[in-house]
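Novice: Chains as they are written, first to last, in my numbering: chain A, 1 to 353; chain B, 1 to 353.
Everything labelled a hint here was simulated from the structure, so no lab data went into it. A few of these clues could be false.
Note that identical chains are pooled: a pair holds if it fits in a single copy or bridges any two copies.
Said to hold, decoys possible - Restricting the straight-line Cα-Cα distance to at most 25 Å, the calculated cross-link-like pairs of lysine to any residue (SDA-like) are: (1) K103 / V70; (2) K103 / R72; (3) K103 / E73; (4) K299 / D205; (5) K322 / T182; (6) K207 / P197; (7) K103 / D285; (8) K207 / E306; (9) K103 / L71; (10) K332 / S5; (11) K207 / E311; (12) K299 / D267; (13) K103 / R288; (14) K207 / L301; (15) K294 / E83; (16) K294 / P75; (17) K299 / N114; (18) K207 / L321.
There are 2 protein chains.
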Amino acid sequence: MIYISRRELEDICSDIFQRLGIPEDEARDSAEILVAADARGIQSHGVQRMKRYADGIKAGLIKGGVTPTVLRETPVSLVMDAEGAMGLSLSKRAMRRVIITAKEHGVGVCSIRNSNHFGVAGYYTEMAAREDMLGVALSNTAALGVPTFAKKAMFGTNPIAFSAPGHDGNLFSLDMATTVTTRGVIEMLEKEGKQVPPGLAVDADGKPAVDPTSLLDDMLYQRGGGLLPLGAERNIASGYKGYGLAVMVDILTALCSGGVFGEAVRDSAVTSARVCHFFMALRIDIFRNIEEFKNDMDKMLTALRETSPSEGANRVFYAGLKEQEALAASGKDGIPVPKSIWEDLQKMRINYA
Amino acid sequence: MIYISRRELEDICSDIFQRLGIPEDEARDSAEILVAADARGIQSHGVQRMKRYADGIKAGLIKGGVTPTVLRETPVSLVMDAEGAMGLSLSKRAMRRVIITAKEHGVGVCSIRNSNHFGVAGYYTEMAAREDMLGVALSNTAALGVPTFAKKAMFGTNPIAFSAPGHDGNLFSLDMATTVTTRGVIEMLEKEGKQVPPGLAVDADGKPAVDPTSLLDDMLYQRGGGLLPLGAERNIASGYKGYGLAVMVDILTALCSGGVFGEAVRDSAVTSARVCHFFMALRIDIFRNIEEFKNDMDKMLTALRETSPSEGANRVFYAGLKEQEALAASGKDGIPVPKSIWEDLQKMRINYA
Chain A
1 MIYISRRELE
11 DICSDIFQRL
21 GIPEDEARDS
31 AEILVAADAR
41 GIQSHGVQRM
51 KRYADGIKAG
61 LIKGGVTPTV
71 LRETPVSLVM
81 DAEGAMGLSL
91 SKRAMRRVII
101 TAKEHGVGVC
111 SIRNSNHFGV
121 AGYYTEMAAR
131 EDMLGVALSN
141 TAALGVPTFA
151 KKAMFGTNPI
161 AFSAPGHDGN
171 LFSLDMATTV
181 TTRGVIEMLE
191 KEGKQVPPGL
201 AVDADGKPAV
211 DPTSLLDDML
221 YQRGGGLLPL
231 GAERNIASGY
241 KGYGLAVMVD
251 ILTALCSGGV
261 FGEAVRDSAV
271 TSARVCHFFM
281 ALRIDIFRNI
291 EEFKNDMDKM
301 LTALRETSPS
311 EGANRVFYAG
321 LKEQEALAAS
331 GKDGIPVPKS
341 IWEDLQKMRI
351 NYA
Chain B
1 MIYISRRELE
11 DICSDIFQRL
21 GIPEDEARDS
31 AEILVAADAR
41 GIQSHGVQRM
51 KRYADGIKAG
61 LIKGGVTPTV
71 LRETPVSLVM
81 DAEGAMGLSL
91 SKRAMRRVII
101 TAKEHGVGVC
111 SIRNSNHFGV
121 AGYYTEMAAR
131 EDMLGVALSN
141 TAALGVPTFA
151 KKAMFGTNPI
161 AFSAPGHDGN
171 LFSLDMATTV
181 TTRGVIEMLE
191 KEGKQVPPGL
201 AVDADGKPAV
211 DPTSLLDDML
221 YQRGGGLLPL
231 GAERNIASGY
241 KGYGLAVMVD
251 ILTALCSGGV
261 FGEAVRDSAV
271 TSARVCHFFM
281 ALRIDIFRNI
291 EEFKNDMDKM
301 LTALRETSPS
311 EGANRVFYAG
321 LKEQEALAAS
331 GKDGIPVPKS
341 IWEDLQKMRI
351 NYA
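Could you put together the complete structure from these sequences and hints?
Specialist: Structure (C-alpha cells):
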C-alpha cells in the first residue's frame with residue numbers, strides 16, 4: 001500500500017483525464033470525486049476505476065466538453081439529457097444547481113438521462129449537507145438485480161444516498177446499493193476461490209448461485225441469474241423491499257427523465273452503461289431552526305454511537321461514521337492506494353501522452 | 001371469514017369513532033383509511049386495529065377535533081405539531097395539502113410531529129399517484145429496531161411508502177417497514193408456538209432471539225433486544241442499509257419537525273406511541289410529459305409481471321400488485337373480515353353508546 005496526499009492523487013487523475021481530452025474543469029472535478037471515495041475508504045468507487053473510465057472515454061462512450069440538453073425546467077426542477085457526458089463532473093454541477101435552487105425555493109430536484117457512472121453517490125449528498133440541506137442522490141445502473149421469485153436481472157444495484165448534517169462536520173451519510181450485494185463482491189469471491197454464500201445471488205434457473213465464475217459469466221452474457229434485492233436472503237418475504245426500492249430509483253432517475261430503465265440498461269464491453277441520475281436538496285430551515293436541528297442530529301448520532309455493542313461486536317456505527325473516520329485518517333496519513341493501482345495510474349500517464 | 005361491503009364496514013368504523021367523540025369528518029376519513037387497508041389485503045393495518053385506536057381515544061392520547069399548530073410554512077413546505085390528533089384523518093389532510101402545493105409549485109413537502117399511528121402509509125402515496133404525482137409517505141414508530149452490532153432498540157420499524165402511476169389505475173406502490181420483520185410477525189409466531197427463525201431479531205444480549213414470548217417481553221419492558229434492520233439477516237454487512245433507511249426516516253419525520261425520535265419513541269400500555277410523519281408529492285409533469293411517463297410505467301410494470309418465475313415459484317410481482325388484485329377482488333366479493341374481529345366491532349358499537 002502506498003500513501004499519497006489527496007492533492008497529489010487528484011493531480012494525477014486530473015492529468016490522466018486531460019490527456020484523454022477531457023477539459024480541465026471537468027477533469028479536476030472528476031478526479032476530486034474519485035479521490036474523495038478513496039479518502040473515505042470506499043476503494044471500489046475510487047481511483048481503481050480510472051482504467052474503466054479511461055476505456056469509456058477512448059471508446060467515445062464517455063464524453064468530455066459536451067453541453068447537456070435541458071429537457072424541462074421549472075423554478076424548483078430541472079431535467080436534462082447528459083448527452084453522454086462524464087457522469088462525475090456533470091453530477092457535481094447538477095447537485096450545485098439543485099443546491100442553488102433549494103437556497104431560493106427551499107427544494108430543488110433534478111433528473112438526468114443518458115449520463116455515465118457518477119462514482120460515489122454520497123459525494124453529492126454531502127455537498128448538500130455542507131450547505132445545511134438534506135441531500136438525496138440516486139442512480140440506476142446496469143441490470144444485475146433479480147426480482148423476488150424471478151430468475152433474470154430486471155434492474156440495477158440502483159444506489160440510494162442521503163445525507164444530513166450535525167454540528168462541526170458531524171454527518172449522517174447513507175450510501176447503499178438496493179441489492180444485497182454488488183458484482184464487485186462476487187468478483188472478489190472468484191479471486192479468492194470461494195463459493196457464493198447462500199442468499200446473495202441466483203443462477204439462470206433462479207436457484208441459489210454457488211459458483212462465482214459461472215454467475216459472473218451468466219450475468220455478463222445475459223443468460224439469466226443475478227444479485228438478489230436487499231432483504232431477499234433467507235426470509236423471502238422481505239425481498240420485495242430491496243426490489244421495490246430499486247424500482248423506485250429507476251422511476252425517479254430514468255422514467256422521470258425519459259432515459260433507459262430496467263433490463264435494457266447494460267454495461268458495454270469497455271465501460272459502464274449509460275445511466276440516469278436523480279438529485280434533490282431540501283433546505284433544513286424550511287422545516288426547523290438549523291441549530292435546533294443540528295443539536296438533535298448530534299444527540300441522535302451520539303446515542304447510536306454509544307449504545308452498547310452486542311456480544312462479540314466491538315462498536316456500533318451509523319451510516320457515514322466509518323467513512324468520516326477514514327477521511328480524518330487519510331487527511332493525516334495520506335490516502336492508501338494499492339501498489340498495483342498506483343502502477344496502473346503511472347502507466348496511464350505515459351500511455352495517454 | 002365474513003364478507004362485508006366497503007361502505008358498510010366504513011359506516012361501522014365511522015360510527016364507532018363518532019361514539020368515542022371524534023367529529024364526523026375525521027371519523028369518516030379515518031374509517032375510510034382503515035377499511036382501505038383491509039380492501040387491499042393488509043389486515044395488519046385494517047379494522048383489527050379499531051380496538052387499539054379506541055383505547056387510545058378513551059385514554060385521551062388520540063384526540064378528535066384538535067387544530068394542529070403550524071410551526072413553519074413556505075410556499076412549498078409545511079411543518080405542523082399535530083397536538084395529538086387522529087393520525088389517520090390528519091395525514092389525509094396533510095397529503096391533500098401537499099398535493100395542492102405540488103399542483104401549484106411542482107413539489108410539496110410536510111413534516112409533522114406529535115401525531116398518532118397513521119395506518120397504512122401507501123394510502124397517502126396513492127392519493128398523490130391518482131393526481132399524476134409521485135407520492136412519498138414516511139412515519140417513525142415506537143423503537144423496536146436494533147442497530148447493526150447493537151443489542152437495544154434505537155429506532156422504529158419506520159415505514160417508507162412510494163407510489164407512481166401508470167395508465168388506467170395501473171400503479172407501482174411500495175409500502176415497507178425498514179426492519180426485516182414487524183412485531184406482528186413475532187406475535188404470530190408466539191401464537192403458533194413456533195421459534196423465531198434466525199435473522200429476524202436479537203435478544204437483550206444481542207444474540208439471535210429464539211423464543212418469541214421472551215423477545216416480546218424484552219421489547220415490552222425495554223430490557224433490550226428487538227427486530228433486526230432490513231438486510232441484517234445472515235450477511236451482517238448489509239444490515240447498515242435497513243438501519244440507515246430507518247434513521248433517514250427519523251430525520252425527515254422527527255428531526256425536521258422537532259418531534260420525538262429514536263429510543264424515546266415508546267408505545268404506551270393502551271395504544272401506539274405519539275409519532276412523526278413526512279409527506280411529499282412531486283408533480284410528474286415537472287419532469288416529463290405525463291403520457292410518456294405512464295407509457296414507460298406500463299412497459300416497466302408489464303415486463304416485471306411477465307418475467308419468468310424461478311423454479312418452484314408461480315408468479316413474479318411488483319410492489320402494489322398483490323394489493324391492487326386484492327382491491328379488485330374485495331370490490332366484487334366484499335371485504336373479508338375474520339369473525340372474531342367482526343364481533344369485536346359489534347361490541348364496540350354497543351359499549352361506546
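Novice: Could you work out which of the previously given hints the structure breaks and list their numbers from low to high?
Specialist: The structure conflicts with no hint, since it agrees with every one listed earlier.
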